[in-house]
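**Q** Residue-level listing of the chains:
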Amino acid sequence: MNGVHDMGGMHGFGPVEPEVREPVFHAEWERRAFALTLAMGAWKRWNTDMARLSRERMPPVEYLAASYYERWLWGLRTLLVEQGLVTREELARPADRPPAEARPRPEALKAADVPRMLRNRRAARLDDAVSPKFEPGDRVVARNLNPVGHTRLPRYVRGRRGVVDRDHGVFIFPDAHAAALGKKPQHVYSVRFGARELWGPEARANDAVYADLWDDYLDPA
Amino acid sequence: MSDHDHGHHHADDPAHPHNAPLSEVQLRVRALESLLTEKGLVDPAALDELIDTYETRVGPKNGARVVARAWVDPDYRRRLLEDATEAIAEMGFIGRQGEDMVVVENTPKVHNMVVCTLCSCYPWPVLGLPPVWYKSAPYRSRAVIDPRGVLREFGVELADDVEVRVWDSTAELRYLVLPERPPGTGGMGEDELAALVTRDAMIGVAKVTAPARKGAAR
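In order, the protein sequences belong to chains X and F. If you read the first sequence in our numbering, its first letter stands for residue 468, the second for the next number, and so on. If you read the second sequence in our numbering, its first letter stands for residue 42, the second for the next number, and so on.
Simulated from the structure, these hints should not be mistaken for laboratory data. Treat the hints with care, as some may be off.
No more than 30 Å apart at the CA atoms, straight line, and that leaves these computed lysine-lysine pairs for DSSO-like [what the hints assert, rightly or not]: (1) X:Lys577 x F:Lys80; (2) X:Lys511 x X:Lys651; (3) X:Lys651 x F:Lys80; (4) X:Lys511 x X:Lys577; (5) F:Lys176 x X:Lys511; (6) F:Lys150 x F:Lys80; (7) F:Lys80 x X:Lys511; (8) F:Lys150 x F:Lys176; (9) F:Lys248 x F:Lys102; (10) F:Lys102 x F:Lys176; (11) X:Lys650 x X:Lys577; (12) F:Lys150 x F:Lys248; (13) X:Lys600 x X:Lys650; (14) X:Lys577 x F:Lys102; (15) X:Lys600 x X:Lys651; (16) X:Lys650 x F:Lys176; (17) X:Lys650 x X:Lys511; (18) F:Lys176 x F:Lys248.
All of these numbers come straight from a predicted model, not from anything done at the bench.
So that you can see chain F by itself, here it is in the shape it has in the complex (with noise of 0.2 Å):
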């Protein structure tokens, strides 16, 4: 799954099951801003402003640099697990729905996921908007009961021996995971492995990996 493109698809119907039915809702949607903008409670160009920012600014990348951070510098890393919301505000990632944030931290013994059962509750300065998926029943409902079964098929076959730990953000923290370096990095800086870290291993539904060597075939 690509982290890293997102904000530049503008197709308006996509064959995506979750949109139907798409004319009457477009309608909808088009008759309120209208009314909304007729009586002057928006101004059209903040409303492009807000969509501009989450589109194409605010997204997975900001979450890869804190991890990256964390993995060449201990001393950061210390600082991020015990105070999450002052050590990504040094990295510049503050504001709405990160306001007050927590970093669980994946061993080989502890796996820890995130979810929100009661809505779609998101890390948005770090990671952005919510993926569909995320947001979705079947997510939603699965995560807290059988989360080794949703973690097979991200493709993630924990050990019997590991502790499995879903945070459900019930309340106003926002949760971030991070996750094992890979091994074979070692000799990476901070940007060839923020390139790595994708948006799930993030959330705890996946495991970052390490490219395949140039060579290692032969």
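The following block holds chain X by itself, in its conformation from the complex (with noise of 0.2 Å):
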């Protein structure tokens, strides 16, 4: 979807503020919400690329005005009415009440499961046998591609002429996976864009950006 949430190339957010000697955290509300969006994502009843969508749906004057973790809060609720986990009603109750006993269901993630889960290797990499469509060195065009639900092709590198940098091996395809419509393996590559088929020629003839691109994101150019 052409959100707000793929900002490359846009202007007006000044300038990048590092923050002296960060914590992970910056308050105990950021650890709870990044720790039930794992443990309810250990439900597998999403995925990855459905619970990125899950974000990108906020509406754009929330997602600007959000921090990060309220983006993965709004994600969470929405995913869990969504698959029936929760209700609205069940999610507008007060947060006074005293906190429940936990009688968690055996399937649960468990404190023992974790390191496990944490550790685990294979995400969106397939051993499907594809053919890859193009090589090291070809000569690409990013599709103009709009699609309505979730895409991995950024705005700024469509319609763009680029060269496949390395072929990454065989993925998940996430705008079929986030609509539920299987993995659709597929090859990814680096394609190298020129900072002046990008920007224009007012940006360094040297200097360049590289994107992951899917199969069904490119043609020959």
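Assembly of the complex is requested from the two constituent chains, each provided in isolation within its own frame, with the hints serving as guidance.
**A** Structure (structure tokens):
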């Protein structure tokens, strides 16, 4: 979707402001929002691409005003309701009740399962024998696609010409996966786009941006 | 910027503009945890374990060890650039948000930096969770269109003949920059070198500098 999350090349957000001695979390609620998101992800009612799409669907004015973990919280609440794990009425209940006694269901993530879950080495890479459409050195053009669903094809590369730098192998295709349409295995490549191709003649001739793009995002140029 | 003392702050209401307003969101998260616990969907002990992992155990010290090893061991450096996932796994750093790693090497003529313009993709096993600035609109918008301007704000001024390569993490590959080893560190061992390597240098928005030599002013 052509959402406000697709920020590459936008102007007006001001300078980057690094924080000295930044803590990992800035508040207790950030810790809990982070952990709740990972723990609920372990139920596998949604995949990574659906989770990303849930945050992208946050209304743009809210998205820009929200902090990072507020976006995670918004996405999590959206998915919980959509997957039928909680109701809107339950989400609206006040927080001033005493904390519930923990009686986790057998399928709920346990503390003892956490290290194994976090050290899992397989995610989006697939073993499917799919032939690559391109090879390193090939000239390609990013398709001008504007899907209303999830995509990892940023607006700033659409219609731009680049060169395949390397083939990363076969991966889940996020556009299909986020819509629960299967994995649609295909190759992902780093594609090199010259800064002038992306940003015009005032950009530096020797600078470049590399984006990781799937076969379905590319045509031969 | 310090990269090595993360995880020991527990203030609930820091004066931090990105978190306002706190009270409403705090209540909302508390209510959600209470609800999910009551329904048996989460085990609070698992939440504590998840938090503890990223607050105290996984962070940029891991990546610094990879970089230091690559600086002292040419064979390791070669393996790291050819198959980063396996070379990093050799040191025990594996898993979530680092399942498929790529290492890009800075040289006197090439400067690499990493961004995720679409969200916040970041190599967790070697760098931990990303800092706020990396996830912020200013960095995500400008890194690809004005990398030299961003670098300047971080205090890095590159010569005109240096090629800037910006890696936008649009897929599930996670990128780590292998910074240049600073001059004057020839006699240092791996541990000493690792202590010089900052998180920002491994994102590609800083260079690694050698400590001023004792007595150098004399």
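**Q** If a hint holds in the structure, say so; if it doesn't, say that too.
**A** Against the structure, the hints come out as follows:
no. : hint                : in the structure
1   : X:Lys577 x F:Lys80  : 15 Å, holds
2   : X:Lys511 x X:Lys651 : 19 Å, holds
3   : X:Lys651 x F:Lys80  : 35 Å, violated
4   : X:Lys511 x X:Lys577 : 15 Å, holds
5   : F:Lys176 x X:Lys511 : 25 Å, holds
6   : F:Lys150 x F:Lys80  : 57 Å, violated
7   : F:Lys80 x X:Lys511  : 17 Å, holds
8   : F:Lys150 x F:Lys176 : 28 Å, holds
9   : F:Lys248 x F:Lys102 : 16 Å, holds
10  : F:Lys102 x F:Lys176 : 20 Å, holds
11  : X:Lys650 x X:Lys577 : 28 Å, holds
12  : F:Lys150 x F:Lys248 : 14 Å, holds
13  : X:Lys600 x X:Lys650 : 17 Å, holds
14  : X:Lys577 x F:Lys102 : 27 Å, holds
15  : X:Lys600 x X:Lys651 : 14 Å, holds
16  : X:Lys650 x F:Lys176 : 27 Å, holds
17  : X:Lys650 x X:Lys511 : 15 Å, holds
18  : F:Lys176 x F:Lys248 : 21 Å, holds
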